[in-house]
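Participant: Sequence:
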Amino acid sequence: MSRDIDYGNLMHTAMRGLIRTVLLDIADNGLPGNHHFFITFDTGHPDAELADWLSDRYPGEMTVVMQHWFDNLDVGEDGFAITLNFGDAPEPLYIPYDAIKTFVDPSVEFGLRFESPDDEPKGDASVPAPVEELINTPHDEQKTDADIVSLDSFRK
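First residue of the sequence shown: 1, per UniProt numbering; consecutive thereafter.
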């Protein structure tokens, strides 16, 4: 009987663990310096929790920003809960780690992209994508290239 090591899933698990470790530090110590995060997640994930008006407005995916104001950050084994401000209205969210599609910290040009087999490839997976491809933020005037770790290049 032959079996293979599933490096793609192992990498996804490790990178989601990295996100959890970063969020645990932020929950304990706050955001240091200029660090801030753009987190894109699948709003249709069965374990994602968000207000109906948000899921109606963003039926496929949504990018949230953790920067100046956030509250109630609770980091768990499978995901994290956070309250963010949407037009001066605080809204609680629960984002499972396996619903995360991208995690970007533009202050240090770091980003992760998680692609599923259902995702259509956007060019050569081994070439780092620019930050502006990962996030769509009109208020972000300074555009830089990020070192993106694409896990599909490790799959067979």
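Hints in this document: simulated from the structure, not taken from any laboratory.
There could be a bad hint or two in this list.
[As the list claims (entries may be wrong)] Pair ranges (Cβ atoms, derived):
1. Glu77 <-> Tyr7: 17 to 27 angstroms
2. Asp71 <-> Ile5: 18 to 28 angstroms
3. Tyr7 <-> Thr83: 50 to 60 angstroms
4. Ala14 <-> Trp53: 31 to 41 angstroms
Just so it is clear, CB atoms sit at the ideal spot from N, CA and C, and this is done for glycine as well.
Participant: Now tell me if each hint is right for this structure.
Facilitator: To see whether the hints hold, each was checked on the structure:
1. At roughly 23 angstroms, the beta-carbon separation of Glu77 and Tyr7 lies within the given 17 to 27 angstroms, and the hint holds.
2. About 41 angstroms separates the C-beta atoms of Asp71 and Ile5, a value inconsistent with the hinted range of 18 to 28 angstroms.
3. Remark: the range hint 50 to 60 angstroms for Tyr7 to Thr83 is contradicted by a beta-carbon distance near 36 angstroms.
4. Remark: the range hint 31 to 41 angstroms for Ala14 to Trp53 is upheld by a beta-carbon distance near 35 angstroms.
When held up to the earlier numbered hints, the structure conflicts with 2, 3 and fits the remainder.
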